[in-house]
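Q: Model the full structure from these sequences, guided by the hints.
Chains as they are written, first to last, in my numbering: chain G, 1 to 390; chain C, 1 to 261; chain Y, 1 to 414.
Once the Cα atoms are required to be at most 30 Å apart in a straight line, the calculated BS3-like pairs of lysine-lysine come out as:
| hint | chain 1 | residue 1 | chain 2 | residue 2 |
| --- | --- | --- | --- | --- |
| 1 | Y | Lys-207 | C | Lys-151 |
| 2 | Y | Lys-13 | Y | Lys-244 |
| 3 | C | Lys-150 | Y | Lys-207 |
Because the hints were derived from the structure by calculation, they are not lab data.
Listed here are the chains, written in short residue letters.
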Amino acid sequence: MRARSVRSYEDVVIAVPVSVPYVRYSQESAHWWIAAALRGLVKGAGITPGDIDGFTVSSFSLAPDTAVGLTQHLGLCPRFLEHIPMGGASGVVAARRAARAVQAGDAEIVACVAGDTNHIDSFRSLLGSFSRFALEASYPYGAGGPNASFALLTDGYMRRYGATREDFGRICVAQRANALTYPQAIMKKPLSLEEYMSARPIADPVHLFDCVMPVAGAEAFLVMHEDTAKERGLPYARLAGAIERHNAFPEDPLQMRGGWELDVADLWSAAGCRPDAVDLVQTYDDYPVIVMMQIEDLGLCGKGEAAEFLRGHDLTNAGTLPHNTCGGQLSAGQAGAAGGFIGFVEALRQVTGQNLAAPVAGARRALVSGFGMVNYDRGVCTAAAVLEAA
Amino acid sequence: MTGVLGDLALALASGAVEVVDLTHALTPDFPVIVLPPEFGQCAPFRIEEVSRYDARGPAWYWNNISMSEHTGTHFDAPAHWVTGRNQPGGTVDAVAPDRLVAPVCVIDMSGPAAEDPDFIMTAAHVAAWEAEHGEIPAGAWVLMRTDWAKKAGTPAYVGLDATGAHSPGPDASAIEALLARDIIGFGTETVGTDAGQGAHLSPPYPAHSLLHGAGKLGLQCLAGLDRLPPVGAMLIAPPLKIAGGSGSPLRVLALIPGKTA
Amino acid sequence: MSEHTPLARPPRKDPTAVTPLAHRPPGSPSRAGLFFAAHAARGAFALQECGECGTRIWPPRDACPKCLSADIPFTPAPTGGEVIAETTIRVTHELFYRGRGPWRVGTVQLDCGPVVTANLHRDVTTGARVRMIARLDLAGTPLMMALPAKETPLMDEDPALRGLTAHPRHRRVLVTDGRSALGQETARALLKAGAAKVFLGVADAWKPFPGAERIAAEEGIEIVPLDLSDTRSVVDLAGAIGGKTDIIVNTADHVRPGGVMGQSVALARESFETNVFGLQRLAQVFAPGMLGRANDGVNNAVAILDVTPVAALSNWNVYGMHSASAAARLSVLQGLRAELRDGGIRVMSVFIGPVEDDWHQAVPPPKLAPKAVAAAVVKALAEGIEESFTGDVARDVFARWSADPKVLERELQR
Chain G
1 MRARSVRSYE DVVIAVPVSV PYVRYSQESA HWWIAAALRG LVKGAGITPG
51 DIDGFTVSSF SLAPDTAVGL TQHLGLCPRF LEHIPMGGAS GVVAARRAAR
101 AVQAGDAEIV ACVAGDTNHI DSFRSLLGSF SRFALEASYP YGAGGPNASF
151 ALLTDGYMRR YGATREDFGR ICVAQRANAL TYPQAIMKKP LSLEEYMSAR
201 PIADPVHLFD CVMPVAGAEA FLVMHEDTAK ERGLPYARLA GAIERHNAFP
251 EDPLQMRGGW ELDVADLWSA AGCRPDAVDL VQTYDDYPVI VMMQIEDLGL
301 CGKGEAAEFL RGHDLTNAGT LPHNTCGGQL SAGQAGAAGG FIGFVEALRQ
351 VTGQNLAAPV AGARRALVSG FGMVNYDRGV CTAAAVLEAA
Chain C
1 MTGVLGDLAL ALASGAVEVV DLTHALTPDF PVIVLPPEFG QCAPFRIEEV
51 SRYDARGPAW YWNNISMSEH TGTHFDAPAH WVTGRNQPGG TVDAVAPDRL
101 VAPVCVIDMS GPAAEDPDFI MTAAHVAAWE AEHGEIPAGA WVLMRTDWAK
151 KAGTPAYVGL DATGAHSPGP DASAIEALLA RDIIGFGTET VGTDAGQGAH
201 LSPPYPAHSL LHGAGKLGLQ CLAGLDRLPP VGAMLIAPPL KIAGGSGSPL
251 RVLALIPGKT A
Chain Y
1 MSEHTPLARP PRKDPTAVTP LAHRPPGSPS RAGLFFAAHA ARGAFALQEC
51 GECGTRIWPP RDACPKCLSA DIPFTPAPTG GEVIAETTIR VTHELFYRGR
101 GPWRVGTVQL DCGPVVTANL HRDVTTGARV RMIARLDLAG TPLMMALPAK
151 ETPLMDEDPA LRGLTAHPRH RRVLVTDGRS ALGQETARAL LKAGAAKVFL
201 GVADAWKPFP GAERIAAEEG IEIVPLDLSD TRSVVDLAGA IGGKTDIIVN
251 TADHVRPGGV MGQSVALARE SFETNVFGLQ RLAQVFAPGM LGRANDGVNN
301 AVAILDVTPV AALSNWNVYG MHSASAAARL SVLQGLRAEL RDGGIRVMSV
351 FIGPVEDDWH QAVPPPKLAP KAVAAAVVKA LAEGIEESFT GDVARDVFAR
401 WSADPKVLER ELQR
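A: Structure follows, in structure tokens:
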């Protein structure tokens, strides 16, 4: 149906990974966290705020402000400005938007930032006003929030494909091991499969360690021309390919697949490699069932085979399939919309050798996936990218 | 103070004259006269708080009240009845004040009324009373004592059954005998000046019909008549001055000779 | 399906235990969602249906997701479906749901198309065929529940379903007018439906009334003095039973023939005193105590149900001033509903046409037997239906009112 082939992102690079250390609860505002991330970008790149002429923002807790209010609040004067409210898909989508702007000459240096604060009770407020469909068609049923929505998807997935809690548990346990090497992770204690299995139920079959911990934090990176990065001596990665899709497969009674499936061929064709050629994978991991869907839909294995596929792999940073190498949201914490950036920023660190967590040996190519916005009964936004060392 | 009122003041102060309250408290559940439902009904007493030292009025307590002119212990003016409609001064505001303070005779029918709730007082009872206590003087109130006030708060007060109310009252002969004495008015302890079954007498409702037709006044729902002597007391019964009103709730007082007299 | 033991009558209240509070749920529905709520309030399971392509739609939308048509009215929808996934929500941050869980929730594939999230009855599980209902929860939020396709033992005792209703079982009910056959039959029907006790209000106890001795002798019925036209009477009764009244059923209605010109203001005022201000008195005096017990376990305070003359919807000039009082009464109910919603007390109406009684002698049939109204009251409470229309006249008037109130106005004029 598509008439034209998609242009590559050649000459555009990603640089300066910034992760502002997370805290469980913050007295500060989203503005404060986003400012901290921007300051990290400016210092990391050795530039001034005036050099930033493109800006994308992702945040849930910025109200009543948007990206527009932030420009004045933070003294920016961009010629390219985007508000990207796509939750877990925000990181990849921000990179796509920024890359095209840089490529087209609409901006030289785009700061892509996601940040959220977390006050006592702010999570409840967010759930209670998340979307019109959620408010009317899922919240009144016990107000389980995403726990309940993903419990239903997990239940359906387990019934259909025979995945077990142990299969989900291995994902969580491996990520915890990775998180212990990442000084900024919120979770500091090891997690055993036994502990995972015996945790209290939250919304059956979802148990405590399937759930992320809401925290405050921010993540950011810069998008610029390769020349610019070279001139300033910044380590960078190429955007070898990137896809996004929204509200795919609305006829599926339960979400067993995401929009990746529609565009996965384009992703690997742009990246010029096969899925098994990546050195590490960063999935969106707000509930391990979604990890399995991404593994399948992005072509690492067939539909319904993720449990078995993952049983054959060691998912730690030293393993055969390093996955969510800083612990992901499950162990590092979910800082609102920054949860859509954490995998992207971590992948950037890994392929550019600027590690905070244990490095994946010889990491040159990373698959990063995003999944966002349970508007009602399923995640609506999906995105994925391949980052390649220069 | 000197003179006759000075004497009265001294008598009141010494207890030689006592003041007796002949009034029931106005309460929402006090019965009113019962008419067939298709007629307009006598409104019971109602009270709604306006404020009570609260946000609606921090330093004051007051109520709005509503009721019929014929609720509780009340006064009937001649205009209350069709027979009295052409009486001069027939409405409460027009009743001459000197008729509102007057001597009172009490005919004690509590004995036979205790025997029969439908007891009817006749001219013969009036004659018997006069034989004992002397002729009823002109310009006096006459009250029929039945001790019915003591039944207030019980179903027997109105005495409703499928045939209507059952309470004592006068017949036409008794009222005619009182009119012959040129009384000011006639009062009872029951919810009407007529008997509960007064509709079946001839004429129907003889007390209302004859008294008001003759320009006389009525009092009903009186209490405390057992404290009055047959003769020798003074009645004070001024109704509210309702312009064109047919009757009025009121506080009825009597002056009686005290124990020290 | 497991065996269930019958719901036990709760023990007497522990006076030292703090009563759980009712909490306000967040948010308010979209306008489209309000149509779903309106149907749910009347006990109807209605979903949007595209007028152009026929697609059934959920959640409520402002355009068809198939063809973008805006012609997507709510219409009664087939209620069949199958549960395809389920969960039990044990943790929630929302006070409104905490303490009343765990919540069994499922994904239901409706036969008519949409996939919905719904509360699950305890007797249904994944793979089960279900019958969907739409109801309001105790804060007025509309929601769906999947019931067993066929009746199961003790079906209405499912805790989640009971929470969507005001079932009289084990509850103590005040019926306001015991002088009427309507009030007496309602008291009997409530007892039969499992009410723990019925307080039956009687005004002017010194006036005899038909059936007085028989009703007073019935076990479970306690005659109490109550005159809705008298504030002190309502206050006195609340002083006696206000702390243990779980449901109020207002059967009182002062009806007299007569229109605006013909009826005296004195008489019309009597109608308003009972029908309008009486309801206000009940609400002002009883509702605060009920609000305090809106989350008080099995026999929490739950509803004020009014038996509302359908003339509230449009004036029937033969009973013109009574109709006016009915309209005011309906308005009071609407205002009260808004005031009590956040506190978890339902305000319900069973709309009725003329009843077979002394004050409707001149009205030709069909007229409602008091027993029929009593049955409708129990049904409304047991099924949690906020507004129901009982009998041919009430249903007919409602249908005509729904079509065009102005046409109904002319149709009712004699």
